[in-house]
Amino acid sequence: MPDSQPQPPANPGGDATPPAAVPGDGALVLGGARLADGRVVDVRLSGGRIEAVGTAGSLAPGPRVDLSGYLLLPAPAEPHAHGATALTAEADGPVSYATEDVQRRATEAALLQLGHGATALRCHVRIGDVQGLRSLEAVLQARRALRGLTDLTAVAVPRLLTGAAGAEGLALLRDAVKMGAAVGGCPDLDPDPTGFAETALDLAAAYGCPVDLHTDGSDPARLARLAAMAGGLRPGVTLGPCGGLARLPRDLAVRAAGQLSAAGVTVVCLPQGDCGTLEQRGARVSRCAPVRLLRAAGVRVAAGSGALRDAANPVGRGDPLEAAFLLASHGELRPEEAYEAVSGWARAAMGLPRVRVEAGFPAELLAVRGERVEGVLSMAYSRLVVHQGRVVARTSAVREYCDGSAAAALDLPRQSSRGGSEPS
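First residue of the sequence shown: 7, per the working numbering; consecutive thereafter.
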(Lines of atoms letter the chains of each structure in order from A; the text may use other names.)
(Lines give C-alpha, C1' and ligand atoms only; values in the text may rest on other atoms or scores of the structure.)
Protein backbone atom coordinates (compact mmCIF):
# COMPACT_ATOMS: atom_id res chain seq x y z
CA MET A 7 0.00 0.00 0.00
CA PRO A 8 1.41 3.45 -0.83
CA ASP A 9 2.06 5.82 2.04
CA SER A 10 -0.81 8.24 2.38
CA GLN A 11 -0.05 11.61 3.94
CA PRO A 12 -3.39 13.35 4.56
CA GLN A 13 -3.43 16.68 6.30
CA PRO A 14 -4.44 16.00 9.92
CA PRO A 15 -7.48 17.86 11.28
CA ALA A 16 -6.33 21.33 12.30
CA ASN A 17 -8.33 21.30 15.51
CA PRO A 18 -9.47 17.75 16.34
CA GLY A 19 -10.14 18.38 20.03
CA GLY A 20 -11.95 21.67 19.67
CA ASP A 21 -9.35 23.58 21.69
CA ALA A 22 -5.93 22.43 20.49
CA THR A 23 -3.70 24.96 18.76
CA PRO A 24 -0.68 23.52 16.96
CA PRO A 25 2.48 25.29 18.14
CA ALA A 26 5.27 26.42 15.91
CA ALA A 27 7.38 23.45 14.90
CA VAL A 28 10.75 23.02 16.55
CA PRO A 29 13.28 20.96 14.56
CA GLY A 30 13.66 17.53 16.14
CA ASP A 31 17.46 17.58 15.89
CA GLY A 32 17.89 21.12 17.27
CA ALA A 33 18.28 22.08 20.92
CA LEU A 34 15.22 23.33 22.81
CA VAL A 35 15.07 24.53 26.40
CA LEU A 36 11.95 24.06 28.50
CA GLY A 37 12.39 26.85 31.03
CA GLY A 38 11.14 27.25 34.57
CA ALA A 39 9.21 23.97 34.76
CA ARG A 40 8.28 22.43 38.09
CA LEU A 41 9.08 18.73 38.57
CA ALA A 42 7.06 16.29 40.64
CA ASP A 43 9.64 16.55 43.46
CA GLY A 44 9.06 20.32 43.69
CA ARG A 45 12.24 21.53 41.98
CA VAL A 46 11.95 24.30 39.39
CA VAL A 47 14.32 23.59 36.52
CA ASP A 48 15.36 24.19 32.95
CA VAL A 49 15.40 21.13 30.71
CA ARG A 50 17.41 21.11 27.47
CA LEU A 51 16.33 18.70 24.72
CA SER A 52 18.45 17.64 21.78
CA GLY A 53 18.38 14.78 19.29
CA GLY A 54 15.14 13.42 20.70
CA ARG A 55 16.54 13.03 24.22
CA ILE A 56 16.91 15.03 27.41
CA GLU A 57 20.40 16.50 27.23
CA ALA A 58 20.56 18.36 30.54
CA VAL A 59 18.51 19.36 33.57
CA GLY A 60 19.62 22.38 35.60
CA THR A 61 18.30 24.99 37.98
CA ALA A 62 15.95 27.53 36.45
CA GLY A 63 17.82 30.02 34.26
CA SER A 64 21.08 28.03 34.28
CA LEU A 65 21.02 26.52 30.79
CA ALA A 66 22.42 28.26 27.72
CA PRO A 67 20.06 30.52 25.76
CA GLY A 68 18.52 29.40 22.50
CA PRO A 69 15.07 28.27 21.36
CA ARG A 70 13.07 28.29 24.58
CA VAL A 71 9.57 27.51 25.84
CA ASP A 72 8.61 29.20 29.11
CA LEU A 73 6.88 26.63 31.34
CA SER A 74 6.50 28.79 34.42
CA GLY A 75 3.45 27.56 36.30
CA TYR A 76 3.55 24.14 34.65
CA LEU A 77 4.31 20.70 36.05
CA LEU A 78 6.63 18.70 33.77
CA LEU A 79 6.07 14.94 33.70
CA PRO A 80 7.00 11.91 31.60
CA ALA A 81 4.46 11.73 28.79
CA PRO A 82 1.57 9.27 29.08
CA ALA A 83 1.07 6.39 26.67
CA GLU A 84 -2.23 4.81 25.60
CA PRO A 85 -2.01 1.00 25.80
CA HIS A 86 -5.60 0.18 24.83
CA ALA A 87 -7.16 2.23 22.02
CA HIS A 88 -9.70 1.34 19.33
CA GLY A 89 -8.96 3.88 16.61
CA ALA A 90 -10.69 2.01 13.80
CA THR A 91 -14.09 2.33 15.49
CA ALA A 92 -13.53 5.61 17.34
CA LEU A 93 -15.81 8.60 16.80
CA THR A 94 -18.62 6.54 15.22
CA ALA A 95 -21.31 6.90 17.89
CA GLU A 96 -23.14 9.61 15.97
CA ALA A 97 -22.83 8.04 12.52
CA ASP A 98 -25.95 8.20 10.37
CA GLY A 99 -26.57 4.66 9.23
CA PRO A 100 -24.05 1.79 9.16
CA VAL A 101 -20.47 2.62 10.03
CA SER A 102 -18.21 2.73 6.99
CA TYR A 103 -15.12 0.55 7.02
CA ALA A 104 -13.75 1.85 3.75
CA THR A 105 -9.99 2.25 4.04
CA GLU A 106 -10.05 6.03 3.80
CA ASP A 107 -12.76 6.32 6.50
CA VAL A 108 -10.96 4.03 8.94
CA GLN A 109 -7.69 5.88 8.33
CA ARG A 110 -9.39 9.21 8.96
CA ARG A 111 -10.97 7.99 12.21
CA ALA A 112 -7.73 6.41 13.44
CA THR A 113 -5.78 9.57 12.62
CA GLU A 114 -8.26 11.89 14.30
CA ALA A 115 -8.48 9.68 17.38
CA ALA A 116 -4.69 9.51 17.66
CA LEU A 117 -4.42 13.30 17.38
CA LEU A 118 -7.08 13.75 20.07
CA GLN A 119 -5.13 11.47 22.37
CA LEU A 120 -1.87 13.17 21.45
CA GLY A 121 -3.39 16.50 22.42
CA HIS A 122 -4.11 15.01 25.84
CA GLY A 123 -0.47 13.96 26.13
CA ALA A 124 -0.23 10.37 24.84
CA THR A 125 2.86 10.25 22.61
CA ALA A 126 2.48 6.51 22.00
CA LEU A 127 -0.66 4.47 21.31
CA ARG A 128 -1.46 0.79 20.95
CA CYS A 129 -4.50 0.38 18.70
CA HIS A 130 -6.54 -2.85 18.74
CA VAL A 131 -7.98 -3.57 15.28
CA ARG A 132 -10.44 -6.30 14.35
CA ILE A 133 -9.51 -8.46 11.39
CA GLY A 134 -11.63 -10.93 9.46
CA ASP A 135 -15.31 -10.91 8.52
CA VAL A 136 -16.02 -8.76 5.47
CA GLN A 137 -13.22 -6.30 6.31
CA GLY A 138 -10.44 -8.88 6.13
CA LEU A 139 -7.23 -6.91 6.71
CA ARG A 140 -8.48 -3.60 5.32
CA SER A 141 -9.02 -1.94 8.71
CA LEU A 142 -5.54 -2.98 9.79
CA GLU A 143 -4.06 -1.63 6.55
CA ALA A 144 -5.85 1.68 7.17
CA VAL A 145 -4.51 1.93 10.73
CA LEU A 146 -1.00 1.20 9.49
CA GLN A 147 -1.42 3.96 6.91
CA ALA A 148 -2.44 6.28 9.74
CA ARG A 149 0.70 5.22 11.61
CA ARG A 150 2.86 6.28 8.66
CA ALA A 151 1.00 9.59 8.30
CA LEU A 152 1.47 10.34 12.00
CA ARG A 153 5.19 9.56 12.06
CA GLY A 154 7.01 12.31 13.96
CA LEU A 155 3.87 13.30 15.85
CA THR A 156 3.09 10.13 17.79
CA ASP A 157 4.09 6.45 17.81
CA LEU A 158 1.14 4.25 16.86
CA THR A 159 1.31 0.46 16.94
CA ALA A 160 -1.41 -2.04 16.02
CA VAL A 161 -2.73 -5.24 17.57
CA ALA A 162 -4.63 -7.58 15.24
CA VAL A 163 -7.82 -8.95 16.82
CA PRO A 164 -9.33 -12.00 15.06
CA ARG A 165 -12.78 -13.24 16.08
CA LEU A 166 -11.98 -17.00 16.06
CA LEU A 167 -8.79 -19.05 15.92
CA THR A 168 -9.84 -22.66 16.57
CA GLY A 169 -11.61 -25.34 14.57
CA ALA A 170 -12.65 -25.12 10.95
CA ALA A 171 -14.28 -21.74 11.55
CA GLY A 172 -11.03 -20.35 12.95
CA ALA A 173 -8.81 -21.37 10.03
CA GLU A 174 -9.38 -18.10 8.18
CA GLY A 175 -8.77 -16.07 11.34
CA LEU A 176 -5.48 -17.85 11.93
CA ALA A 177 -4.34 -17.27 8.35
CA LEU A 178 -5.25 -13.58 8.60
CA LEU A 179 -3.50 -13.26 11.95
CA ARG A 180 -0.30 -14.67 10.43
CA ASP A 181 -0.54 -12.13 7.62
CA ALA A 182 -1.23 -9.34 10.12
CA VAL A 183 1.87 -10.21 12.14
CA LYS A 184 3.97 -10.14 8.96
CA MET A 185 2.57 -6.65 8.32
CA GLY A 186 3.91 -5.53 11.70
CA ALA A 187 0.96 -6.05 14.05
CA ALA A 188 1.11 -7.66 17.48
CA VAL A 189 -1.01 -10.73 18.27
CA GLY A 190 -4.39 -9.99 19.80
CA GLY A 191 -7.82 -11.51 20.12
CA CYS A 192 -10.57 -12.39 22.54
CA PRO A 193 -10.37 -15.97 23.82
CA ASP A 194 -13.67 -15.53 25.69
CA LEU A 195 -15.56 -15.42 22.37
CA ASP A 196 -14.01 -18.54 20.87
CA PRO A 197 -15.74 -21.92 21.41
CA ASP A 198 -12.37 -23.16 22.71
CA PRO A 199 -10.89 -20.30 24.80
CA THR A 200 -7.88 -22.33 25.91
CA GLY A 201 -7.17 -23.42 22.34
CA PHE A 202 -7.46 -19.81 21.17
CA ALA A 203 -4.96 -18.62 23.78
CA GLU A 204 -2.56 -21.45 23.03
CA THR A 205 -2.68 -20.72 19.30
CA ALA A 206 -2.14 -17.00 19.82
CA LEU A 207 0.78 -17.54 22.19
CA ASP A 208 2.42 -20.09 19.88
CA LEU A 209 2.16 -17.71 16.93
CA ALA A 210 3.63 -14.85 18.95
CA ALA A 211 6.50 -17.04 20.13
CA ALA A 212 7.25 -18.10 16.56
CA TYR A 213 7.42 -14.49 15.34
CA GLY A 214 8.85 -12.92 18.52
CA CYS A 215 6.05 -10.37 18.81
CA PRO A 216 3.96 -9.15 21.77
CA VAL A 217 0.59 -10.63 22.74
CA ASP A 218 -2.28 -8.44 23.96
CA LEU A 219 -5.51 -10.34 24.58
CA HIS A 220 -8.97 -9.16 25.59
CA THR A 221 -10.52 -11.09 28.44
CA ASP A 222 -13.09 -10.35 31.11
CA GLY A 223 -11.12 -12.44 33.58
CA SER A 224 -14.23 -13.75 35.32
CA ASP A 225 -13.34 -17.44 34.93
CA PRO A 226 -10.49 -18.21 37.38
CA ALA A 227 -9.76 -21.65 35.92
CA ARG A 228 -9.44 -20.24 32.41
CA LEU A 229 -7.28 -17.40 33.70
CA ALA A 230 -5.02 -19.89 35.50
CA ARG A 231 -4.51 -21.90 32.31
CA LEU A 232 -3.75 -18.74 30.35
CA ALA A 233 -1.23 -17.62 32.97
CA ALA A 234 0.45 -21.03 32.92
CA MET A 235 0.80 -20.90 29.13
CA ALA A 236 2.03 -17.30 29.15
CA GLY A 237 4.77 -17.75 31.72
CA GLY A 238 8.18 -16.92 30.31
CA LEU A 239 6.99 -15.80 26.89
CA ARG A 240 9.01 -12.90 25.55
CA PRO A 241 8.56 -10.07 24.71
CA GLY A 242 5.55 -10.49 26.99
CA VAL A 243 1.83 -11.01 27.44
CA THR A 244 -0.76 -8.37 28.25
CA LEU A 245 -4.35 -9.00 29.27
CA GLY A 246 -7.23 -6.57 29.62
CA PRO A 247 -9.58 -5.21 30.70
CA CYS A 248 -10.12 -8.02 33.28
CA GLY A 249 -13.12 -6.31 34.88
CA GLY A 250 -14.50 -9.72 35.81
CA LEU A 251 -11.77 -10.12 38.41
CA ALA A 252 -13.56 -7.49 40.47
CA ARG A 253 -16.68 -9.66 40.58
CA LEU A 254 -14.92 -12.78 41.84
CA PRO A 255 -14.87 -13.74 45.53
CA ARG A 256 -11.81 -12.16 47.08
CA ASP A 257 -9.96 -15.43 47.71
CA LEU A 258 -10.33 -16.46 44.05
CA ALA A 259 -9.28 -13.01 42.84
CA VAL A 260 -6.19 -13.06 45.07
CA ARG A 261 -5.22 -16.51 43.79
CA ALA A 262 -5.68 -15.43 40.17
CA ALA A 263 -3.62 -12.28 40.77
CA GLY A 264 -0.80 -14.39 42.20
CA GLN A 265 -0.83 -16.63 39.14
CA LEU A 266 -0.69 -13.63 36.79
CA SER A 267 2.18 -12.15 38.79
CA ALA A 268 4.16 -15.39 38.73
CA ALA A 269 3.71 -15.62 34.96
CA GLY A 270 4.89 -12.03 34.42
CA VAL A 271 1.60 -11.07 32.76
CA THR A 272 0.70 -7.37 32.55
CA VAL A 273 -2.91 -6.26 33.05
CA VAL A 274 -4.24 -3.17 31.27
CA CYS A 275 -7.34 -1.96 33.10
CA LEU A 276 -9.93 0.46 31.71
CA PRO A 277 -11.17 2.74 34.51
CA GLN A 278 -13.77 4.24 32.16
CA GLY A 279 -15.34 0.78 31.63
CA ASP A 280 -15.26 -2.02 29.10
CA CYS A 281 -14.25 -1.19 25.52
CA GLY A 282 -16.99 -3.22 23.83
CA THR A 283 -14.87 -6.04 22.38
CA LEU A 284 -16.48 -8.35 24.95
CA GLU A 285 -19.99 -7.07 24.30
CA GLN A 286 -21.15 -10.30 22.70
CA ARG A 287 -20.84 -12.02 26.06
CA GLY A 288 -24.05 -10.34 27.13
CA ALA A 289 -24.58 -7.28 29.28
CA ARG A 290 -21.91 -4.65 29.06
CA VAL A 291 -19.24 -4.96 31.73
CA SER A 292 -18.41 -1.61 33.29
CA ARG A 293 -16.37 -2.43 36.38
CA CYS A 294 -12.66 -1.78 36.41
CA ALA A 295 -10.19 -4.52 37.30
CA PRO A 296 -9.26 -4.58 41.03
CA VAL A 297 -6.06 -2.61 40.61
CA ARG A 298 -5.11 -2.40 44.28
CA LEU A 299 -5.50 -6.17 44.69
CA LEU A 300 -3.47 -6.86 41.56
CA ARG A 301 -0.70 -4.49 42.59
CA ALA A 302 -0.54 -6.08 46.06
CA ALA A 303 0.10 -9.42 44.36
CA GLY A 304 2.93 -7.92 42.30
CA VAL A 305 1.09 -7.73 38.97
CA ARG A 306 2.23 -5.04 36.56
CA VAL A 307 -0.86 -2.89 35.94
CA ALA A 308 -1.27 -0.15 33.35
CA ALA A 309 -4.38 1.88 32.58
CA GLY A 310 -5.94 2.72 29.22
CA SER A 311 -8.89 4.68 27.90
CA GLY A 312 -10.77 2.08 25.84
CA ALA A 313 -13.80 3.24 23.90
CA LEU A 314 -13.75 6.68 22.32
CA ARG A 315 -17.29 7.64 21.33
CA ASP A 316 -18.19 4.47 19.46
CA ALA A 317 -21.04 1.95 19.48
CA ALA A 318 -19.79 0.44 22.74
CA ASN A 319 -19.78 3.77 24.54
CA PRO A 320 -21.16 7.03 23.09
CA VAL A 321 -18.84 9.06 25.34
CA GLY A 322 -15.12 8.92 26.01
CA ARG A 323 -12.29 11.43 25.98
CA GLY A 324 -9.30 9.25 25.20
CA ASP A 325 -7.53 11.13 27.97
CA PRO A 326 -4.89 9.26 30.00
CA LEU A 327 -5.18 11.81 32.80
CA GLU A 328 -8.89 10.99 33.12
CA ALA A 329 -8.00 7.30 33.50
CA ALA A 330 -5.50 8.25 36.21
CA PHE A 331 -8.07 10.53 37.88
CA LEU A 332 -10.60 7.68 38.03
CA LEU A 333 -8.09 5.28 39.58
CA ALA A 334 -7.15 7.86 42.22
CA SER A 335 -10.70 9.01 42.93
CA HIS A 336 -11.89 5.40 43.38
CA GLY A 337 -9.09 4.73 45.85
CA GLU A 338 -7.34 2.11 43.71
CA LEU A 339 -4.03 3.99 43.63
CA ARG A 340 -2.46 7.10 45.11
CA PRO A 341 -2.37 10.03 42.64
CA GLU A 342 1.34 9.56 41.85
CA GLU A 343 0.82 5.83 41.26
CA ALA A 344 -2.27 6.52 39.16
CA TYR A 345 -0.24 8.79 36.90
CA GLU A 346 2.48 6.14 36.70
CA ALA A 347 -0.19 3.66 35.53
CA VAL A 348 -0.81 5.78 32.43
CA SER A 349 2.83 6.75 31.89
CA GLY A 350 5.68 4.55 33.08
CA TRP A 351 3.68 1.37 33.58
CA ALA A 352 1.81 1.92 30.30
CA ARG A 353 5.07 2.44 28.41
CA ALA A 354 6.48 -0.74 29.95
CA ALA A 355 3.38 -2.69 28.88
CA MET A 356 3.99 -1.47 25.33
CA GLY A 357 7.68 -2.37 25.37
CA LEU A 358 8.80 1.26 25.30
CA PRO A 359 11.87 2.62 27.11
CA ARG A 360 11.38 4.25 30.47
CA VAL A 361 11.18 8.05 30.69
CA ARG A 362 12.38 10.20 33.56
CA VAL A 363 13.03 13.92 33.55
CA GLU A 364 16.76 13.34 33.71
CA ALA A 365 19.63 13.63 31.25
CA GLY A 366 19.88 10.74 28.82
CA PHE A 367 16.22 9.72 28.83
CA PRO A 368 13.88 10.01 25.83
CA ALA A 369 12.33 13.46 25.43
CA GLU A 370 8.73 12.24 25.74
CA LEU A 371 7.18 14.79 28.07
CA LEU A 372 3.92 16.40 29.14
CA ALA A 373 3.69 19.81 30.76
CA VAL A 374 0.41 20.55 32.56
CA ARG A 375 -0.57 23.77 34.28
CA GLY A 376 -0.34 23.12 38.01
CA GLU A 377 2.05 22.44 40.84
CA ARG A 378 1.29 18.89 42.02
CA VAL A 379 0.13 15.64 40.45
CA GLU A 380 -3.11 15.74 42.45
CA GLY A 381 -3.92 19.14 41.00
CA VAL A 382 -3.18 18.30 37.38
CA LEU A 383 -5.30 15.15 37.57
CA SER A 384 -8.18 17.30 38.79
CA MET A 385 -7.83 20.42 36.61
CA ALA A 386 -5.65 19.41 33.65
CA TYR A 387 -6.78 21.99 31.13
CA SER A 388 -3.66 23.62 29.67
CA ARG A 389 -1.10 21.16 28.31
CA LEU A 390 2.02 21.08 26.17
CA VAL A 391 3.20 17.80 24.64
CA VAL A 392 6.76 16.92 23.61
CA HIS A 393 7.53 13.95 21.36
CA GLN A 394 11.02 13.07 20.16
CA GLY A 395 12.34 16.31 21.57
CA ARG A 396 9.96 18.75 19.91
CA VAL A 397 6.67 20.36 20.84
CA VAL A 398 3.95 18.54 18.89
CA ALA A 399 0.72 19.70 20.56
CA ARG A 400 -0.52 22.48 22.78
CA THR A 401 -3.86 23.02 24.48
CA SER A 402 -4.46 26.43 26.01
CA ALA A 403 -7.40 26.93 28.36
CA VAL A 404 -8.45 30.37 29.55
CA ARG A 405 -10.86 30.90 32.42
CA GLU A 406 -12.08 34.39 33.22
CA TYR A 407 -14.69 35.71 35.63
CA CYS A 408 -16.68 38.90 35.52
CA ASP A 409 -15.35 41.71 37.64
CA GLY A 410 -16.24 41.30 41.29
CA SER A 411 -15.13 42.90 44.50
CA ALA A 412 -14.69 39.54 46.26
CA ALA A 413 -12.12 38.25 43.80
CA ALA A 414 -10.28 41.55 43.73
CA ALA A 415 -10.16 41.81 47.51
CA LEU A 416 -8.75 38.29 47.89
CA ASP A 417 -6.24 38.79 45.08
CA LEU A 418 -7.08 35.36 43.66
CA PRO A 419 -5.02 34.02 40.76
CA ARG A 420 -6.64 34.02 37.35
CA GLN A 421 -5.69 32.23 34.16
CA SER A 422 -5.81 34.52 31.20
CA SER A 423 -4.24 35.04 27.82
CA ARG A 424 -2.57 38.21 29.09
CA GLY A 425 0.57 38.56 31.17
CA GLY A 426 2.43 35.54 29.82
CA SER A 427 0.25 32.92 31.50
CA GLU A 428 0.62 30.49 28.60
CA PRO A 429 3.87 28.89 27.43
CA SER A 430 5.54 30.74 24.61
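Treat the hints as calculated values from the structure; they're not laboratory data. Owing to the predicted nature of the structure, the values given are computational and were not obtained by experimental measurement. Where a beta carbon is used, it is the ideal one built from N, C-alpha and C, also for glycine. Among the hints, a few may not be true.
Across the chosen pairs, the derived CB separations fall in these ranges [as the list claims (entries may be wrong)]: (1) Arg360 / Ala230: 29 to 35 Å; (2) Gly32 / Ala171: 53 to 59 Å; (3) Val101 / Ala171: 21 to 27 Å; (4) Ala104 / Val321: 36 to 42 Å; (5) Val321 / Pro197: 48 to 54 Å.
SDA-like, lysine to any residue: derived pairs with alpha carbons at most 20 Å apart [as the list claims (entries may be wrong)]: (6) Lys184 / Pro199; (7) Lys184 / Pro241; (8) Lys184 / Ser224.
Structure-based check of all given hints:
no.: 1; hint: Arg360 / Ala230: 29 to 35 Å; result: 31 Å, holds
no.: 2; hint: Gly32 / Ala171: 53 to 59 Å; result: 55 Å, holds
no.: 3; hint: Val101 / Ala171: 21 to 27 Å; result: 24 Å, holds
no.: 4; hint: Ala104 / Val321: 36 to 42 Å; result: 25 Å, violated
no.: 5; hint: Val321 / Pro197: 48 to 54 Å; result: 33 Å, violated
no.: 6; hint: Lys184 / Pro199; result: 24 Å, violated
no.: 7; hint: Lys184 / Pro241; result: 16 Å, holds
no.: 8; hint: Lys184 / Ser224; result: 32 Å, violated
Going down the numbered hints, you'll see the structure goes against 4, 5, 6, 8, while the others check out.
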